[in-house]
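Enquirer: What follows is the residue order along each chain.
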Amino acid sequence: MKRLTPVLSALSAVALTSALFFACLDRGDNDAAPPKKRVTQVQQPEDALDEQLMVTLLEAKNFHHKANVYEMNGELDKAVAEIRKVLTIKFPADAPEAAEAVLDARARLAKLLMKLDKLDEAEKVVATGIKSAKSESFFLANLYTVAGQLHEARANKLKDSTTDADRAAFKEHSRKAIEAFDKSIKINEAIQKRLMKGMAP
Amino acid sequence: MSNEHDNDPIPEPDTEPTAAEQKHARSFADLVDDLVDGKAAPPAMPAETRELLTTAGMIHASTTDVSLDDARRDAIIDRAFAQTLPAELRSVDDPAGDSDGSDIPSLTERRNRLHAVPWVVAAVAAAAAVFFALNPPARKSKTATRVQVQYIEQTPMSAQLRSRPADPLIGRIAPKDSAAASKRLDRIFSDRLSGYRDLRLRRRARTTPGGSK
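As they're listed, the protein sequences go chains L and U. Residue numbers 1 to 201, in our numbering, belong to the letters of the first sequence in order. Residue numbers 1001 to 1213, in our numbering, belong to the letters of the second sequence in order.
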C-alpha cells in the first residue's frame, strides 16, 4: 500500500485539476432563448438590425416575387402556394417588420383566394391574421380593409337573391363589411395621429 | 524467600559443585535461555527462581537492543488507548468500560480504514471531473456580451439601425393597394438593408487597423 501512495496522490491531483478545469471551462451557451420584450421596455441592444431579420425578410421578398410572376401568367394557384410559404418562415419573434410582413402576406393571400372565389378560405386567412396581431399598424388596418372587401364581395353575390336566407346573409355581410372598414379607418387615423405627434417639433 | 537452599551452608570457592547444584544451575540456565528466546516462563516455579529470572530478564533487556514484533507492539498500544479513551467512545456493549478494549477498533483496523482515504479522495475528484466535463456551468452568452459592448459604444442607437415598425416608411395603405404586399416588402427590405450595412461597416471599421477607432 505504501508503494501505491505516490500513485494515488498523482491520481488525486490529476482528477482535482480536471474537475477545476471543466468547472471553469467556458462553453459559451448561446442557445438560451432571449427574454420576452415588454411593452414598457426601453431601447435594448437586441433591437439592432440583425442577420436573421434580413435573411427572413429577403426570403419573404423572393416568395412574393415568385408569386408576382405566377400571377402575371395567370397561375393563381401557384401564386397562392408561394405566399403560403411566407407564412411558414421563422421570423425573429420581436421584430415589428416581421410581424407586419406576415400580416401583409395574409392580406395578399386573401386577395388571391378571393380572385379564385375561395371566399371561405380567404375569410379564415384574414381572421387568423387579425387574431394574431399584437399591436395596431397600417398593415393591420389593411387586413381589416381586405376583410371588408371580402364581406363586400359576399354581400355583392347575394344582393340580387330574393330568398329570405340570402337576404339575411346579405345584410349580415354588409354589416360586417362596414364594421371592418370602420375598424380599418380607426386604426389608420390612430396611427396617423401618433406619427404626426412624433414628427411635431 | 525461603526455599530448600536457605539453610545450606555457603560453600567454599574451591569446593566442587554437587550434582544437585549442577542440576539446579542447568534448569535455571534453561529458563534464562527460554527467556532470551522470548518464550513464556512456566506458570509455577519457586519464588526465588522467579525473582532471579526477572532479574536476568532486566539485565538482558538493559544490555541488548530488544524490540517488539509489530503485532505485540500494536496490541500494547491498543490496550493503552483503550484505557485512556473516554467512556462514551467505548463499546456500547461495555458501557462500564470493563472490557479489555477489544470492542474498540484496533490501531491496525483504524489504519486499514485510513488507507481507504486517498482512494476516496481520488474517486470523488474523478467523479467531479466527469460531472463538470459532461455538465459545464452555463455562462453568459458571448453574443449577448458582444452586442452589449456594441450598445454601450453606440448609445443612443439611431433609429435607422434598429428593428422597428414600418408604418412611417409605408404610410397609410390605400384599398386599391391592399394586395401590393410585394412592393411594400421591397421597400421595407431596402430601408432595413441600408441600416444593416451601416451597422456592419461600423463594426468592421472598429476591428480593422486604421479604422475609426
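Just so you know, these hints were derived from the structure itself, not from any lab. Just to be clear, a hint being listed does not mean it is correct.
Label-pair ranges, simulated between beta-carbon atoms [unchecked claim]:
| hint | chain 1 | residue 1 | chain 2 | residue 2 | range |
| --- | --- | --- | --- | --- | --- |
| 1 | U | R1206 | L | D117 | 51 to 59 Å |
| 2 | L | A153 | U | S1190 | 29 to 37 Å |
| 3 | L | E172 | U | R1200 | 52 to 60 Å |
| 4 | U | R1206 | L | N73 | 47 to 55 Å |
| 5 | L | Q192 | U | R1200 | 14 to 22 Å |
| 6 | U | R1204 | L | E189 | 42 to 50 Å |
| 7 | L | D117 | U | R1204 | 48 to 56 Å |
| 8 | L | E189 | U | S1190 | 23 to 31 Å |
| 9 | U | S1158 | L | R175 | 44 to 52 Å |
| 10 | U | R1204 | L | K134 | 30 to 38 Å |
| 11 | U | R1200 | L | K186 | 37 to 45 Å |
| 12 | U | P1168 | L | R175 | 30 to 38 Å |
| 13 | U | A1075 | L | T17 | 41 to 49 Å |
| 14 | U | S1194 | L | E59 | 28 to 36 Å |
With a Cα cut of at most 30 Å, we get these calculated DSS-like pairs of lysine-lysine [to be verified]:
| hint | chain 1 | residue 1 | chain 2 | residue 2 |
| --- | --- | --- | --- | --- |
| 15 | L | K193 | U | K1176 |
| 16 | L | K90 | U | K1183 |
| 17 | U | K1039 | L | K85 |
| 18 | L | K157 | L | K124 |
| 19 | L | K176 | L | K157 |
| 20 | U | K1176 | L | K78 |
| 21 | L | K131 | U | K1176 |
| 22 | L | K115 | U | K1176 |
| 23 | U | K1023 | L | K66 |
| 24 | U | K1183 | L | K186 |
| 25 | U | K1183 | L | K124 |
| 26 | U | K1183 | L | K115 |
| 27 | U | K1183 | L | K61 |
| 28 | U | K1176 | L | K171 |
| 29 | L | K197 | U | K1176 |
| 30 | L | K183 | U | K1176 |
Derived, one-sided and incomplete: chain L residues facing chain U with beta-carbon distance under 10 Å [as the list claims (entries may be wrong)]:
| hint | residue |
| --- | --- |
| 31 | K61 |
| 32 | H65 |
| 33 | I130 |
| 34 | K131 |
| 35 | A133 |
| 36 | Q192 |
No residue lacks a Cβ here, since even glycine has one placed at the ideal position from N, Cα and C.
Enquirer: All hints are to be evaluated individually against the structure, with a verdict given for each.
Expert: Results of checking the hints against the structure:
At roughly 57 Å, the beta-carbon separation of R1206(U) and D117(L) lies within the given 51 to 59 Å, and the hint holds. A hinted range of 29 to 37 Å holds for the C-beta pair A153(L) and S1190(U), which are about 33 Å apart. In this structure, E172(L) and R1200(U) meet the distance hint of 52 to 60 Å, their C-beta atoms being roughly 53 Å apart. Separation of R1206(U) from N73(L) is about 48 Å and conforms to the stated range, judged on CB atoms against 47 to 55 Å.
Separated by about 34 Å at the C-beta atoms, Q192(L) and R1200(U) break the suggested range of 14 to 22 Å. At roughly 44 Å, the beta carbons of R1204(U) and E189(L) sit within the given window of 42 to 50 Å. D117(L) and R1204(U) have their C-beta atoms about 53 Å apart, which keeps the hinted 48 to 56 Å range intact. A hinted range of 23 to 31 Å for the beta carbons of E189(L) and S1190(U) is consistent with their spacing of about 28 Å.
Checked against the hint of 44 to 52 Å, the pair S1158(U) and R175(L) passes, with Cβ atoms roughly 46 Å apart. As the Cβ distance of R1204(U) to K134(L) is approximately 35 Å, the hint placing it in 30 to 38 Å holds. The hinted range of 37 to 45 Å is satisfied by R1200(U) and K186(L), whose Cβ atoms lie roughly 40 Å apart. Between P1168(U) and R175(L) the C-beta distance comes to about 33 Å, which sits within the given range of 30 to 38 Å.
Checking the proposed 41 to 49 Å range against A1075(U) and T17(L) shows it holds: the Cβ atoms sit about 42 Å from each other. Judged by the Cβ atoms, the range 28 to 36 Å given for S1194(U) and E59(L) is violated: they are separated by roughly 19 Å. Among the hinted pairs, K193(L) with K1176(U) is consistent with the structure: their alpha-carbon atoms are about 22 Å apart, no more than 30 Å. Distance check on the hinted pair: K90(L) and K1183(U) sit about 21 Å apart at the alpha-carbon level, within 30 Å; holds.
For the hint pairing K1039(U) with K85(L), the CA-to-CA distance comes to about 103 Å; that exceeds 30 Å, so the pair is violated. The suggested pairing of K157(L) with K124(L) holds, with an alpha-carbon distance near 19 Å, which does not exceed 30 Å. Proposed proximity of K176(L) and K157(L) is supported: the alpha carbons are some 15 Å apart, at most 30 Å. With a C-alpha separation of about 23 Å, the suggested pairing of K1176(U) with K78(L) holds against the 30 Å cut-off.
The suggested pairing of K131(L) with K1176(U) holds, with an alpha-carbon distance near 23 Å, which does not exceed 30 Å. For the hint pairing K115(L) with K1176(U), the CA-to-CA distance comes to about 14 Å; that is within 30 Å, so the pair holds. Proximity of K1023(U) to K66(L) is assessed by CA-CA distance (about 131 Å); at most 30 Å being required, the pair is judged violated. For the hint pairing K1183(U) with K186(L), the CA-to-CA distance comes to about 24 Å; that is within 30 Å, so the pair holds.
Restraint check for K1183(U) and K124(L): satisfied, since their Cα atoms lie roughly 24 Å apart, inside the 30 Å limit. Under the criterion of a C-alpha separation no larger than 30 Å, the hint pairing K1183(U) with K115(L) is consistent with the structure, at around 19 Å. The suggested pairing of K1183(U) with K61(L) holds, with an alpha-carbon distance near 9 Å, which does not exceed 30 Å. Only pairs whose Cα atoms come within 30 Å are accepted, and K1176(U) paired with K171(L) is accepted, the gap being roughly 24 Å.
A threshold of 30 Å between alpha carbons decides the hint, and for K197(L) with K1176(U) the separation of about 27 Å falls inside it, so the pair holds. Only pairs whose Cα atoms come within 30 Å are accepted, and K183(L) paired with K1176(U) is accepted, the gap being roughly 17 Å. Look at K61(L): its Cβ gets to within about 5 Å of chain U, closer than 10 Å, so that hint holds up. The restraint placing H65(L) at the interface with chain U holds, with a minimum CB-CB distance near 6 Å, inside the 10 Å limit.
Contact between I130(L) and chain U, as hinted, is not supported at the beta carbon level, the nearest pair being about 14 Å apart and thus beyond 10 Å. About 19 Å separates the beta-carbon of K131(L) from the nearest beta-carbon of chain U, more than 10 Å, and the hint is not met. Interface hint status for A133(L): violated, as the beta-carbon distance to the closest one in chain U is roughly 12 Å, over 10 Å. Look at Q192(L): its Cβ gets to within about 6 Å of chain U, closer than 10 Å, so that hint holds up.
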